[in-house]
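*Asks:* Each chain, letter by letter, is given below.
2 protein chains.
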Amino acid sequence: MIERTNADILNMDKISRLNFVNSISGYKSANLIGTKSKAGVSNLAVFSSVIHLGSNPPLLAFVMRPAVVPRDTYQNIRETGKFSINHIHEDFVDKAHYTSAKFESYISEFQMAKLTEEYLGDFYAPFVGESKIKIAMNFIEEYNIKVNNTLFIVAEIQSVFLPETTLKKNGEVNLNEVNDVCISALYNYHKVEPLAAFDYVRPGNFPLNKLK
Amino acid sequence: MIERTNADILNMDKISRLNFVNSISGYKSANLIGTKSKAGVSNLAVFSSVIHLGSNPPLLAFVMRPAVVPRDTYQNIRETGKFSINHIHEDFVDKAHYTSAKFESYISEFQMAKLTEEYLGDFYAPFVGESKIKIAMNFIEEYNIKVNNTLFIVAEIQSVFLPETTLKKNGEVNLNEVNDVCISALYNYHKVEPLAAFDYVRPGNFPLNKLK
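Those protein sequences? They're chains A and B, same order as listed.
The first sequence runs 1 to 212 under this note's numbering.
The second sequence runs 213 to 424 under this note's numbering.
Simulated from the structure, these hints should not be mistaken for laboratory data.
Do not take every clue at face value.
Footprint (simulated), chain A over chain B, 3 or more residues, beta carbon under 8 angstroms [as the list claims (entries may be wrong)]:
| id | stretch |
| --- | --- |
| 1 | 232–244 |
| 2 | 286–294 |
Simulated crosslink set (EDC-like; lysine to aspartate or glutamate; CA at most 20 angstroms straight-line) [to be verified]:
| id | chain 1 | residue 1 | chain 2 | residue 2 |
| --- | --- | --- | --- | --- |
| 3 | A | Lys210 | A | Glu193 |
| 4 | A | Lys169 | B | Glu215 |
| 5 | B | Lys380 | A | Asp13 |
| 6 | A | Lys191 | B | Asp303 |
Glycine included, each C-beta is placed from N, C-alpha and C at the ideal position.
All chains should be built: construct the whole structure from the sequences, respecting the hints.
*Replies:* Okay, here's the thing in structure tokens:
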């Protein structure tokens with residue numbers, strides 16, 4: 001076992017530090033966030049920071065660095081209040097990751113990455129046609145994180161679109177069935193397989209009851 | 213493709229809603245957070261909301277629901293300013309998950325789950341001996357998320373302890389090597405395997421260069 005202290009991390013070159021700290025929280029969700037400016041330019045960007053914030057009301061959240069990355073996603077969300085979250089599957093990780101290239105603001109990453117710009121109902125923001133799990137989100141509030149000037153964006157689920165086969169009776173969505181991936185570090189994509197599912201746990205219930 | 217609207221989600225029974233919304237952000241990190249009260253009672257709890265917040269300074273963050281779950285982890289962090297984050301591997305998911313049973317405050321989940329309470333250097337909070345990637349964290353600040361009264365806890369990395377073999381030259385930590393797992397819904401654990409790693413992407417670089 002080796003130790004890397006705070007000082008060691010600060011002394012790493014920039015890329016190593018980004019890779020190291022981006023690895024160390026564990027595996028991250030892999031999503032494409034779709035937006036469209038008021039002027040009508042669509043935008044698509046890969047995010048690995050989308051998390052569950054609460055179920056009632058149904059809320060998701062993610063972290064942005066508007067001072068560092070191009071601001072298109074953030075600007076569009078604040079202009080329109082709408083964005084989509086689209087799961088990334090094994091068969092289009094390369095196209096999804098290509099959206100992280102620094103394209104000019106007037107360019108749509110949908111076209112560049114050859115991903116299908118899809119509209120559902122009257123929701124303003126575009127979805128990714130190739131994604132089997134798509135979520136329509138309404139912006140709620142943002143928090144400026146003082147210590148490093150990032151933004152924590154909080155939004156409510158307006159609708160979820162998903163294959164009927166993935167929705168289990170207990171409410172779970174089977175992410176393995178649609179080959180969802182996860183991310184580590186800056187650009188490592190991983191495939192995921194079921195390992196164990198447990199029943200609700202009470203003190204004294206050990207060994208645990210496995211669900212399947 | 214089916215649709216579940218906000219109203220549909222609110223109309224689900226509580227467990228289905230928890231499962232559904234906890235699935236829909238994608239795969240989640242799997243960590244045990246270790247703390248110890250001023251009075252000396254250690255605590256260990258599984259968290260699936262730990263995320264990367266920034267690399268310079270090195271910051272991680274996670275979501276808590278202090279009004280809902282037992283407050284031991286939160287109380288201990290606020291009393292002492294210290295906690296540990298310990299990655300969960302395939303070989304102890306059952307013990308890790310057992311910490312989610314509602315034990316009384318005076319009971320240590322380390323003992324209940326038969327996980328090794330380990331101390332490193334003079335860091336106040338306990339680590340998990342079975343975990344190969346352990347992080348010593350210093351509390352920095354918290355944000356009360358108004359819409360659902362959760363807390364977003366921001367903390368800085370003091371030290372990372374990890375096997376030398378997992379640390380690559382470019383700073384990445386190989387999470388596959390130590391059999392890190394990820395989580396979906398409330399109690400689904402998954403194993404993870406490498407799929408693709410890409411080089412830094414610039415406009416025009418498509419197809420992408422694969423790193424390995």
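*Asks:* If you check each hint against the structure, which ones fail?
*Replies:* Those not satisfied come down to hint 2.
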